[in-house]
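Colleague: Next come the chains, spelled out residue by residue.
Number of protein chains: 2
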Amino acid sequence: MIRVNVFYPRKEGARFDWTYYLEKHMPMVSRKFGSAAKGVGVEQGTSGGMPGSPPSFVAMAHFTFDSVEAFQAAFTPHAAEIMADIPNYTSIQPIIQISDVKIAR
Amino acid sequence: MIRVNVFYPRKEGARFDWTYYLEKHMPMVSRKFGSAAKGVGVEQGTSGGMPGSPPSFVAMAHFTFDSVEAFQAAFTPHAAEIMADIPNYTSIQPIIQISDVKIAR
Numbered sequence: 004m005i006r007v008n009v010f011y012p013r014k015e016g017a018r019f020d021w022t023y024y025l026e027k028h029m030p031m032v033s034r035k036f037g038s039a040a041k042g043v044g045v046e047q048g049t050s051g052g053m054p055g056s057p058p059s060f061v062a063m064a065h066f067t068f069d070s071v072e073a074f075q076a077a078f079t080p081h082a083a084e085i086m087a088d089i090p091n092y093t094s095i096q097p098i099i100q101i102s103d104v105k106i107a108r
Numbered sequence: 004m005i006r007v008n009v010f011y012p013r014k015e016g017a018r019f020d021w022t023y024y025l026e027k028h029m030p031m032v033s034r035k036f037g038s039a040a041k042g043v044g045v046e047q048g049t050s051g052g053m054p055g056s057p058p059s060f061v062a063m064a065h066f067t068f069d070s071v072e073a074f075q076a077a078f079t080p081h082a083a084e085i086m087a088d089i090p091n092y093t094s095i096q097p098i099i100q101i102s103d104v105k106i107a108r
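Note that the protein sequences, when read in sequence, are chains A and B.
Mapping of the first sequence onto our numbering: residues 4 to 108, in sequence order.
Mapping of the second sequence onto our numbering: residues 4 to 108, in sequence order.
Derived by calculation from the structure, the hints in this document are not laboratory data.
Virtual Cβ for every residue (Gly too), placed ideally from N, Cα, C.
Be aware that one or more of the hints could be misleading.
To be verified - Rough simulated footprint, nothing fancy, chain A against chain B, three-plus residues with beta-carbon under 8 Å:
1. 4-10
2. 78-92
3. 95-107
As the list claims (entries may be wrong) - With a cut-off of at most 20 Å between alpha-carbon atoms, the simulated DMTMM-like pairs for lysine to aspartate or glutamate come out as follows:
4. K14/A <-> D20/B
5. K105/A <-> E26/B
6. K105/B <-> E26/A
7. K27/B <-> D69/B
8. K105/B <-> D69/A
9. K27/B <-> E84/B
10. K41/B <-> D69/B
11. K105/A <-> D20/B
Kindly generate the complete structure, drawing on both the sequences and the hints.
Modeller: Okay, here's the thing in C-alpha cells:
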C-alpha cells in the first residue's frame, strides 16, 4: 500500500476556503479516483507539539492506493482538472509526498 | 477525533534506523499509549510528487486520539522515556503537529 500526501504549508495571510475544499474539491477528487483510492483522509492543523504553537500545515490530505502505478493510472487522466481547481480554495502551493505504508491500524 | 503527527524531515547524511524504529520504538510507544490511541500509522517517504524527486519526510508517524486531552493524558506520564529513545534510531529532530480529523474513510 502507498499513500499520497498533500501538505498545505501554513503561511501568514494565505487563503484557505475550508467549505469549498471539503464540499467541492475533495468530493470531486474522490469521484475521479473512484475505487482505486482505498482510503481518504483530511486533517486541519490546530497546533504544533507545544500547546499554542502554530501547526506546520494548515491542511493535509492523503489518499491510499495499492501501488504507485494504481495512483498514476487514477490521477493522470484527471490531473489537469484537479490541479486547475486548487486556486478556487487556496493561495498555498501544496507539497506532495508519496510514501510506503509500513504500519496502518 | 484528533491526530498527532510526527514528521522526520529528510536531511542529507541523517541517520534513521528503520529496524529499531519499527521493532522497538513504535511498539514501546504503542504500549505506553495503550487503548487511548485509536489508530497508529507509519509511512516511509519514497518520493515527492514527481517520480524520482526526493520526499520531504524520511518517515511520518501518526496517532489518533479522541481529543487533545486524551493524548496529553496518555503521553505526559511517558514523555521523558519516549523522547529519550529518539536518538537510538535517528539523528533527525522530529516536527510534531496536532490536527483535527475532518475526513477519515
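Colleague: The structure should be examined with respect to each hint, and the outcome stated for every one.
Modeller: Verification of the hints:
Using a Cβ-Cβ cut-off of 8 Å, 4 residues of the stretch 4-10 of chain B lie near chain A, which meets the minimum of three, so the contact claim holds. Figure legend: the stretch 78-92 of chain B, annotated as covered by chain A; annotation inconsistent (0 residues with Cβ-Cβ distances under 8 Å, at least 3 required). Using a Cβ-Cβ cut-off of 8 Å, 10 residues of the stretch 95-107 of chain B lie near chain A, which meets the minimum of three, so the contact claim holds. Between K14/A and D20/B the CA atoms are separated by roughly 33 Å; this puts the pair beyond 20 Å, and the hint is violated.
Of the supplied pair hints, the one linking K105/A and E26/B holds, its CA atoms being roughly 11 Å apart against a limit of 20 Å. Using a Cα cut-off of 20 Å, the hinted pair K105/B and E26/A holds, with the two alpha carbons roughly 11 Å apart. Distance check on the hinted pair: K27/B and D69/B sit about 25 Å apart at the alpha-carbon level, beyond 20 Å; violated. In summary, the hint linking K105/B to D69/A is not supported, as the alpha carbons are separated by about 23 Å, beyond the 20 Å threshold.
Of the supplied pair hints, the one linking K27/B and E84/B holds, its CA atoms being roughly 13 Å apart against a limit of 20 Å. Distance check on the hinted pair: K41/B and D69/B sit about 7 Å apart at the alpha-carbon level, within 20 Å; holds. Under the criterion of a C-alpha separation no larger than 20 Å, the hint pairing K105/A with D20/B is consistent with the structure, at around 14 Å.
This entry does not satisfy hints 2, 4, 7 and 8, going by the numbered hints stated previously.
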